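Number of protein chains: 2
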Amino acid sequence: MAKQVAVGIDLGGTNIKAGLVDSDGAILCDAHVRTQANRGPDHVLGRIAEAIGQVLRQRPDGAEVCGVGIGAPGKVSMDRTTVIKPPNFSDWDEVNLSKSLAHLVPGCVVVENDANCAGLGSATWGAGRDFDSFIMVTLGTGVGGAIIHEKKLFRGVTGGAGELGHMSIDYEGPYARSGVAGATEAYLGLHYLSHHARYQLHTRPSILHEWAGRDLARLSPKMLHQAAEQGDEPAREVLAWAGHKLGVALASVVNLLDIRKLVVGGGVSAAGHYLLDPARMALHGAVMPSLSEGLELVRETRGNEVGVLGAARLAFEDAESKIGA
Amino acid sequence: MAKQVAVGIDLGGTNIKAGLVDSDGAILCDAHVRTQANRGPDHVLGRIAEAIGQVLRQRPDGAEVCGVGIGAPGKVSMDRTTVIKPPNFSDWDEVNLSKSLAHLVPGCVVVENDANCAGLGSATWGAGRDFDSFIMVTLGTGVGGAIIHEKKLFRGVTGGAGELGHMSIDYEGPYARSGVAGATEAYLGLHYLSHHARYQLHTRPSILHEWAGRDLARLSPKMLHQAAEQGDEPAREVLAWAGHKLGVALASVVNLLDIRKLVVGGGVSAAGHYLLDPARMALHGAVMPSLSEGLELVRETRGNEVGVLGAARLAFEDAESKIGA
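In the order they appear, the protein sequences are chains S and V.
With my numbering, the residue at position 163 of the first sequence is 164, and numbering never jumps.
With my numbering, the residue at position 44 of the second sequence is 45, and numbering never jumps.
Hints were generated in silico from the structure; no laboratory data involved.
Since the model is a prediction, treat every value here as computed from it, not as a measurement.
By construction, the Cβ of each residue, glycine as well, lies at the ideal position given by its N, Cα and C atoms.
Hints are supplied without guarantee of correctness; some may be wrong.
[Unchecked claim] Stretch by stretch, here's where chain V covers chain S in the computed footprint (C-beta under 8 Å, at least three residues):
#, segment
1, 158 to 165
2, 247 to 260
3, 306 to 313
[Stated by the list, open to error] Here are the computed lysine-lysine pairs in the BS3-like style, where the Cα-Cα straight-line distance is at most 30 Å:
#, chain 1, residue 1, chain 2, residue 2
4, S, K153, V, K323
5, S, K323, V, K152
6, S, K323, V, K86
7, S, K152, V, K323
[To be verified] Simulated restraints, written as ranges between beta carbons of each label pair:
#, chain 1, residue 1, chain 2, residue 2, range
8, S, T15, V, T204, 56 to 62 Å
9, V, N97, S, N97, 49 to 55 Å
10, S, E173, V, H196, 15 to 21 Å
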């Protein structure tokens, strides 16, 4: 019997990741190509087609492709066809990926916001699979989020829900690129976190000065984590500071939504318990007592795969809904 | 033909309001009794029964009662029968109101959180009736809220969703009674707002000194509004300060949920545009640009009736669901 598979695409500003995913969430083969987002939509469409082609050429015998799912930055239309003004993509107003890529593959091309895809991937095959409802946070270049309620994505009125990074934790706090004062992203976004670390480390001895080659602008969360592992106190303090901000933001989400399971993914989550323990402490301190039972913050188990997995899951769900209809 | 009506009860810590509501949202007759919440659950049950009895005795000929809805403070069980530890009610752990009051009326007794009832009332017959999805904020003794998404209440995992008053707008801000630092309620709750006003007015000339009989602890939002109407600058500043905090909190909700319609009710909303104009300004300033289209903050049109209306609506919905089943 033919084995059902779906193509999952994680469209980033720098790289496109693609994977052929089976119905158990195994990635059978994958591909990475450069996005070259500065060369405009037509070029990027070609790059996505290239990535799809690469995984399809590697597909195992008997694998039957039911469709393609794409996780994209920025806003995605409610009908899941069109990507609207993704940040850092040149000349991109609104592009209907479903239509533009339809000729390439059997089945449909379905698009969703990348953080929402991560949430869907986690809900199906990641740390969120045991939870009916949870909040997904992705700590990468920016801070993204997704709301999964009763196993479904909560998308809001126009598909823009889940933007945790743009919630404010201090109305007089620093500005994020969105223009929101004290936005979570203004503390935990990669650029902002590095900036804070530089400032904190400036006058203190730390192994990070050596690792960063005297240029603290080169600091990465991975470096911070490794320094923390080696007992570097300033590195631990920076991660604890960031974790505290994360916990405070998530507490507001719990208080508003009464959803008590939180899954943290994305590159910055590599900082592990140096980030997540302080986050848990702040979370428990700022969730109202009547909502604290069963409160749980865990790290995503499928790492960066979760975006590709969620995108593939989109395609599976779409195909299933058409069989059901 | 018999006219379908429902009894709506707004169970407060001080008063119980009851109304007989028809399917157009008209309140045909009403009753007010004292809650006497300090005398324990059995006594309060008797008081609710008294309020129900009063409206039933006034019911017009031909009115057929399909059930009773009750809006109650604190947590309500997911099955909408039981009120759990309502604040300021003595000796009240968990009380199943549906069971305890079932013998009094034809149809069922359905219970929901009071702020959620206000949201439901607004959605059906109030300022929210034109919106498929909106956020209801109730500014009273505390700050409550409800999330209406696609005409339905979003209740979260255990029925506790919507607690806007416990979202933080400043992680280093003042503590609210919930123990959450910088919680919205720590600025806009009645007690906190009066406290801020006292502090602001202490050394400044204001008509409010005279009105409050030299005891600024007696300040009410109504006094603040009236003083603002008469051009009292300190009163206007206090209301603008509160409005700013409201707008900042609501912006985070919009950024998280992509729900762009906001309805403000409750006693403090009597301060009108002196409160709501600054709230709108802060809201527009802190909502991310991609979510600002169609953003709208309006005042509830049915005033304090909205709680009784929403409670009655609960009973109508419950009766309809049983006919449908």
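Here's how the hints hold up against the structure:
Three residues within the 8 Å Cβ limit are the bar, and the segment 158 to 165 of chain S against chain V gives 8, so the coverage statement holds. Beta-carbon proximity to chain V at under 8 Å applies to 9 residues in the segment 247 to 260 of chain S; the threshold of 3 is reached and the given coverage holds. Counting residues of the segment 306 to 313 of chain S whose beta carbon lies closer than 8 Å to any beta carbon of chain V gives 0, which falls short of the minimum of three for the stated coverage. Our distance criterion of 30 Å between C-alpha atoms is met by K153 (chain S) and K323 (chain V), whose separation comes to about 26 Å.
A distance of roughly 26 Å separates the Cα atoms of K323 (chain S) and K152 (chain V); the hinted pair therefore holds under the 30 Å criterion. For the proposed pair K323 (chain S) and K86 (chain V), the alpha carbon gap of about 46 Å is over 30 Å, so the pair is violated. Restraint check: the Cα-Cα separation between K152 (chain S) and K323 (chain V) comes to about 26 Å, which is no more than 30 Å; the hinted pair holds. A beta carbon spacing of about 57 Å between T15 (chain S) and T204 (chain V) agrees with the range 56 to 62 Å that was offered as a hint.
Judged by the Cβ atoms, the range 49 to 55 Å given for N97 (chain V) and N97 (chain S) holds: they are separated by roughly 53 Å. One distance hint, 15 to 21 Å for the beta-carbon pair E173 (chain S) and H196 (chain V), holds here, with the actual separation near 20 Å.
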